[in-house]
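Colleague: Now for the letters of each chain:
2 protein chains.
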Amino acid sequence: MEQQKLILITNDDSVHAKGLHSLVTVAKKLGRVVVVAPDKPQSGMGHAITIHHPLRLKKSNLFDDVEAYSCSGTPVDCVKLGIYEVLHSRPDLILSGINHGENSSTNVLYSGTMSAAIEGAMEGICSIGFSLADFDANADFSATMFYAEKIIRFVLTGQLSNHVCLNVNVPKRELEQIKGMKICSQAHAYWADRFEKRMDQFGEPYYWLTGEFSDQDQRTETDLFALKNDYVSVVPTQFDLTAYTHIPLLKSLENA
Amino acid sequence: MEQQKLILITNDDSVHAKGLHSLVTVAKKLGRVVVVAPDKPQSGMGHAITIHHPLRLKKSNLFDDVEAYSCSGTPVDCVKLGIYEVLHSRPDLILSGINHGENSSTNVLYSGTMSAAIEGAMEGICSIGFSLADFDANADFSATMFYAEKIIRFVLTGQLSNHVCLNVNVPKRELEQIKGMKICSQAHAYWADRFEKRMDQFGEPYYWLTGEFSDQDQRTETDLFALKNDYVSVVPTQFDLTAYTHIPLLKSLENA
Numbered sequence: 001m002e003q004q005k006l007i008l009i010t011n012d013d014s015v016h017a018k019g020l021h022s023l024v025t026v027a028k029k030l031g032r033v034v035v036v037a038p039d040k041p042q043s044g045m046g047h048a049i050t051i052h053h054p055l056r057l058k059k060s061n062l063f064d065d066v067e068a069y070s071c072s073g074t075p076v077d078c079v080k081l082g083i084y085e086v087l088h089s090r091p092d093l094i095l096s097g098i099n100h101g102e103n104s105s106t107n108v109l110y111s112g113t114m115s116a117a118i119e120g121a122m123e124g125i126c127s128i129g130f131s132l133a134d135f136d137a138n139a140d141f142s143a144t145m146f147y148a149e150k151i152i153r154f155v156l157t158g159q160l161s162n163h164v165c166l167n168v169n170v171p172k173r174e175l176e177q178i179k180g181m182k183i184c185s186q187a188h189a190y191w192a193d194r195f196e197k198r199m200d201q202f203g204e205p206y207y208w209l210t211g212e213f214s215d216q217d218q219r220t221e222t223d224l225f226a227l228k229n230d231y232v233s234v235v236p237t238q239f240d241l242t243a244y245t246h247i248p249l250l251k252s253l254e255n256a
Numbered sequence: 001m002e003q004q005k006l007i008l009i010t011n012d013d014s015v016h017a018k019g020l021h022s023l024v025t026v027a028k029k030l031g032r033v034v035v036v037a038p039d040k041p042q043s044g045m046g047h048a049i050t051i052h053h054p055l056r057l058k059k060s061n062l063f064d065d066v067e068a069y070s071c072s073g074t075p076v077d078c079v080k081l082g083i084y085e086v087l088h089s090r091p092d093l094i095l096s097g098i099n100h101g102e103n104s105s106t107n108v109l110y111s112g113t114m115s116a117a118i119e120g121a122m123e124g125i126c127s128i129g130f131s132l133a134d135f136d137a138n139a140d141f142s143a144t145m146f147y148a149e150k151i152i153r154f155v156l157t158g159q160l161s162n163h164v165c166l167n168v169n170v171p172k173r174e175l176e177q178i179k180g181m182k183i184c185s186q187a188h189a190y191w192a193d194r195f196e197k198r199m200d201q202f203g204e205p206y207y208w209l210t211g212e213f214s215d216q217d218q219r220t221e222t223d224l225f226a227l228k229n230d231y232v233s234v235v236p237t238q239f240d241l242t243a244y245t246h247i248p249l250l251k252s253l254e255n256a
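Chains as they are written, first to last, in the working numbering: chain W, 1 to 256; chain Y, 1 to 256.
Extracted from the complex, chain W is given alone in its bound form (with noise of 0.2 Å):
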């Protein structure tokens, strides 16, 4: 008999969020689920470790019939230390989200959820992050359901590899009205930044990050592209930022 596949679960919204919820369901069915999940929201937290203060770990129990963990830190700090503390041993998939809120483009850069994922790649462990188009509380999470079985169940058969994760993100749409899956490329869009400046009771400023984004990216294969169309997209994404193109143009440098 085919042991159990081993799957460790965390996201950015924290241990009570619908998203995490939603997709302890569907990878229930898929092997053994054990979550360690932030006590707070993390959304915006990148790739951050907790280096300055000690880490908490409480036993949670707002799991039915999963082994579930909310932690003090980062969605990575939860990759280490589900890995680490939590279960000793080497998980066989860890999946991140299903976040409130779309993870494409650039926005990969400042995703707890993609983090997550990408510190699993970083182990040599086959990671994916999932994200709905939907900031709401109580978003529907059952398109995103469907389609995350799907590939979590392709990722399960040993194609991918462990040193590359996914980023899945899934437009606000009904399941009927997605047209499918699109592998693509990470779109090159940015936030075109904005602070709102306001004064506190001192009189003293302070500033709220805000803006717009902005898609200035005309190819047609990119994750923002296929996300328009009613497509769900799926980007390989790796953890290896060397910009191997500019490395010949480089090389004069060595004489400086």
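Hints were generated in silico from the structure; no laboratory data involved. Don't take each hint at face value.
No distinction is drawn between identical chains; accordingly, a pair holds when it is met within one copy or between any pair of copies.
Heads up, simulated DSS-like pairs for lysine-lysine below, C-alpha to C-alpha not over 30 Å straight-line [stated by the list, open to error]: (1) 18 x 58; (2) 59 x 251; (3) 58 x 40; (4) 197 x 40; (5) 28 x 18; (6) 59 x 197; (7) 5 x 59; (8) 197 x 150; (9) 28 x 179; (10) 179 x 58; (11) 5 x 251; (12) 197 x 228; (13) 150 x 251.
For clarity, every value in this text was computed on a predicted model and none was experimentally measured.
Knowing the structure of chain W, use the given hints to seat chain Y on it.
Modeller: Frame of chain W, contents of chain Y only:
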């Protein structure tokens, strides 16, 4: 007459760090410098941005003849606030560091220093992150300053794409022991993580992240190889994380 270059400088060790002050000393020779740096250490913050708390920005008089601000947020927040709230214009160059400690190999993902430089590249501004392989608060930055000046002069000639940044690491060596610069790729090396579990005064456990860095990469063109052989490593670094070579392998998922 050529217009003076505008140079925005940040770091992750805080506005008080010797490495930041050393970098300002170099940059002042090459243009008009404005500093926006964290008000407290932000090591390991990766590409985190502050979205759940308001940001504070305060004028600092820690630098002679240099406009400077301390910020309550992360290094990436400093870059965004620097461009959009302090300068209200695009600098010619963004510098980050000099970090107290190495940011070679996969540490680029955890590094606040390098995430600030990557954010600069996302903004389309030439950016360089500098790190010295010495955690000492009073480390000797003179060799790093020597190479930083060479590299900044090179980048200011406009030979680097403004969507790529440089990750510069300097070995802990006297200037005359350093053999030169090498253009490198990011080594595939990882932390073998471990947690120190301790008990607090209430009998509750807490954890400190620790571990050892393990370099299994056999290639000789990596940043770790260069550093071990007493070279300054320079890695052109990009923010497109797409694993392009894996796209064909995944195409069958579109029909799953």
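Colleague: Give a verdict on every hint.
Modeller: Tested hints:
1. 18 x 58: Classified as within; 19 Å inside a copy, 39 Å across copies.
2. 59 x 251: neither (53 Å within a copy, 40 Å between copies)
3. 58 x 40: Classified as both; 13 Å inside a copy, 28 Å across copies.
4. 197 x 40: Both ways: residue 197 and residue 40 sit 26 Å apart in one copy and 22 Å across, limit 30 Å.
5. 28 x 18: Intra 15 Å, inter 51 Å, cutoff 30 Å: intra-copy only.
6. 59 x 197: Classified as between: cross-chain Cα gap 16 Å, same-chain 40 Å, threshold 30 Å.
7. 5 x 59: This pair counts as within: shortest intra-copy Cα distance 22 Å, inter-copy 54 Å.
8. 197 x 150: Answer is neither: 45 Å inside a copy and 38 Å across each miss the 30 Å cutoff.
9. 28 x 179: within (26 Å within a copy, 56 Å between copies)
10. 179 x 58: Cα proximity of residue 179 and residue 58: none, with 41 Å in one copy and 50 Å across.
11. 5 x 251: between (47 Å within a copy, 24 Å between copies)
12. 197 x 228: neither (32 Å within a copy, 47 Å between copies)
13. 150 x 251: between (45 Å within a copy, 14 Å between copies)
When held up to the earlier numbered hints, the structure conflicts with 2, 8, 10 and 12 and fits the remainder.
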